[in-house]
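Given next are the chains, with one letter for each unit.
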Amino acid sequence: MFLANGRAGVIDLSSGEVGEQELDEELLLGRQSSLEVVEKLASEHGQDSLVLGTGVLTGSLVPGACAGVMRGPRGRAPLLGHAGVELKLSGFDFIVIKGVAPEPGYVWIRDGMIELVSAPSLKGMDSWGRTDKVRDQQGDRKIQVLSVGPWGDACSPIAQFVTDYWGGEDKAGLGAEFGRKNIVAVAFRGMGEFEVSDPDAHFDSCVRLRDKQVAKLGRGDGLASFSRAAAREDFRALVHRDAACFGCPFPCRSFVKVNEDPWVMTLSSKEPGYLHYDILALEKAHSLWISAKDATQLMVKCAKAGVEPCSLMSSGHREGFDGLLASPKDIKPSSEDSSGLSWWSAISDRRKNEACLGLGLCPRYWAKAGFELGPLDPCVQSALGRGLRTDW
Amino acid sequence: MHLLRQVHDGHLGQHSLNSWEWETLRLDFEPLKCIACGLCETVCSLRRDSVLTPMTSSIILHVEDKANYFGLVLKTRSEGVVMARPEGVTSGQQPAGSGGPGAKPILLREQCDLCGGDPRCVRICPTKCIKAVD
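These protein sequence lines are chains A and B, in that order. Taking numbering that gives the first Met the number 0, the leading residue of the first sequence gets 0, the next gets one more, and so forth. Taking numbering that gives the first Met the number 0, the leading residue of the second sequence gets 0, the next gets one more, and so forth.
These aren't lab readings, by the way, just hints derived from the structure by calculation. From a predicted model like this one, the values you see are computed outputs, not experimental measurements. Keep in mind that the hints are not guaranteed to be accurate.
Pairs of lysine-lysine, PhoX-like flavour, derived with a Cα cap of 20 Å [said to hold, decoys possible]: (1) A:K269 <-> A:K132; (2) A:K300 <-> A:K328; (3) B:K130 <-> B:K32; (4) B:K103 <-> B:K32; (5) B:K127 <-> A:K211; (6) B:K65 <-> B:K32; (7) B:K65 <-> A:K269; (8) A:K132 <-> B:K65; (9) A:K132 <-> A:K122; (10) A:K283 <-> A:K331; (11) A:K132 <-> A:K300; (12) A:K269 <-> A:K300; (13) B:K65 <-> A:K292; (14) A:K300 <-> B:K65; (15) B:K127 <-> A:K215; (16) A:K122 <-> A:K328; (17) A:K292 <-> A:K269; (18) A:K300 <-> A:K122.
Full structure from sequences and hints, please.
Shown next, in the form of structure tokens:
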């Protein structure tokens with residue numbers, strides 16, 4: 000099976016049982032998108048399950064093939080950065096997490112193995128501390144850690160999981176599901192490999208497609224290519240470097256330094272700033288006349304606490320954000336869209352958004368590049384040895 | 000000479016070189032152009048093993064993500080380990096800890112063979128942070 004492991008890992012936190020479920024090739028390779036498969040798995044294992052998944056093209060050389068997805072009872076969120084690829088390389092195409100852990104812990108996935116690691120010592124820590132601790136315990140800085148902070152522990156409706164250290168994907172309150180399951184993180188490391196149908200053709204077709212897209216898009220300007228708030232002078236003055244998700248030629252992540260000079264390129268401060276890619280949060284801060292520096296500091300606090308910043312800023316609470324962040328509260332989410340998609344790529348075509356994510360492609364990049372199946376076909380054929388269904 | 004010039008321009012395409020033609024090739028880095036997309040370490044295995052995986056690559060994306068500090072580490076035949084850090088490029092013996100603690104350190108990896116004169120990492124790098132030079 001090309002570009003796939005052919006199986007889902009299932010862990011029941013309540014009983015400690017771990018199992019595998021073979022996934023039919025037709026299910027994975029083009030018949031159904033990952034969004035359909037996560038719903039299918041949730042209906043099999045319980046609607047309160049957390050289901051993580053990857054698309055057929057996740058981890059391929061197709062530009063922007065970074066995406067995975069997490070689905071919970073209240074919505075779903077894309078898994079971006081290097082998380083989607085690492086998840087697929089961990090040996091599973093999908094992960095089902097059901098039940099409730101008897102004591103705080105984290106789900107650890109690698110090498111085709113999945114386990115619940117009991118970690119009561121992580122109780123009370125913020126998300127950054129938990130990511131550090133998981134990586135230290137498992138001895139690898141490249142482990143991808145989806146973690147929550149105290150707001151997730153308290154099951155606040157506006158809790159969000161953060162990916163490694165950065166928030167932005169979870170607008171559906173999935174962080175609260177971590178709290179309900181008594182887990183503080185889901186961590187994975189990809190040490191596997193994928194075969195593709197025709198390696199040389201896949202390489203050449205993907206480079207050709209990428210070159211065409213780059214010629215059209217230009218070099219890009221980090222998050223400023225997507226957000227007016229990030230194009231502001233006070234934001235640009237603090238930008239250190241732009242970073243991309245896996246396989247993306249057009250980075251939309253801008254790291255802003257607030258604790259040291261942004262021009263410092265050496266490894267000096269351990270926590271110099273924040274990696275911005277949450278357009279909605281940045282635009283919200285801008286609309287409230289919050290400076291780029293203050294917005295960045297607020298994002299750090301929100302990420303550590305595991306709070307969705309737009310909802311926090313929209314809450315109307317008068318005690319100030321610091322006071323508000325001090326203890327988790329039952330705040331209503333600001334977004335009514337729990338699909339975790341239309342807000343994210345800032346394009347209105349929901350069908351294309353979902354098609355991209357279902358394939359494992361970044362909706363934000365492909366909104367910029369222009370998502371059409373035709374130009375993708377040589378890349379897909381050379382990867383999978385077959386085409387995609389045509390009704391995406 | 001024509002082929003080598005094509006390498007300089009990063010447009011080697013489908014051509015392959017005889018060994019005498021690429022023995023003097025090496026990879027050069029502009030680390031600040033790197034955007035940490037990870038494609039270089041993923042395609043390294045494609046020619047050697049016909050699979051996509053970062054685990055057998057000769058080049059590693061080194062990331063300290065909380066500090067947004069990232070660069071590349073390459074195991075070469077002639078220069079030892081090349082460290083393309085944001086603050087500059089160095090080569091020689093591997094310093095302790097380089098390549099980051101992880102599943103497979105650079106010391107356990109194969110040396111870069113320049114893909115027989117047509118380095119895949121050069122062609123896949125979207126920012127031309129990696130170049131083949133003679």
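Q.
Hint by hint, where does the structure go against what was stated? Just the numbers, ascending.
A. Violated hint: only 4; rest satisfied.
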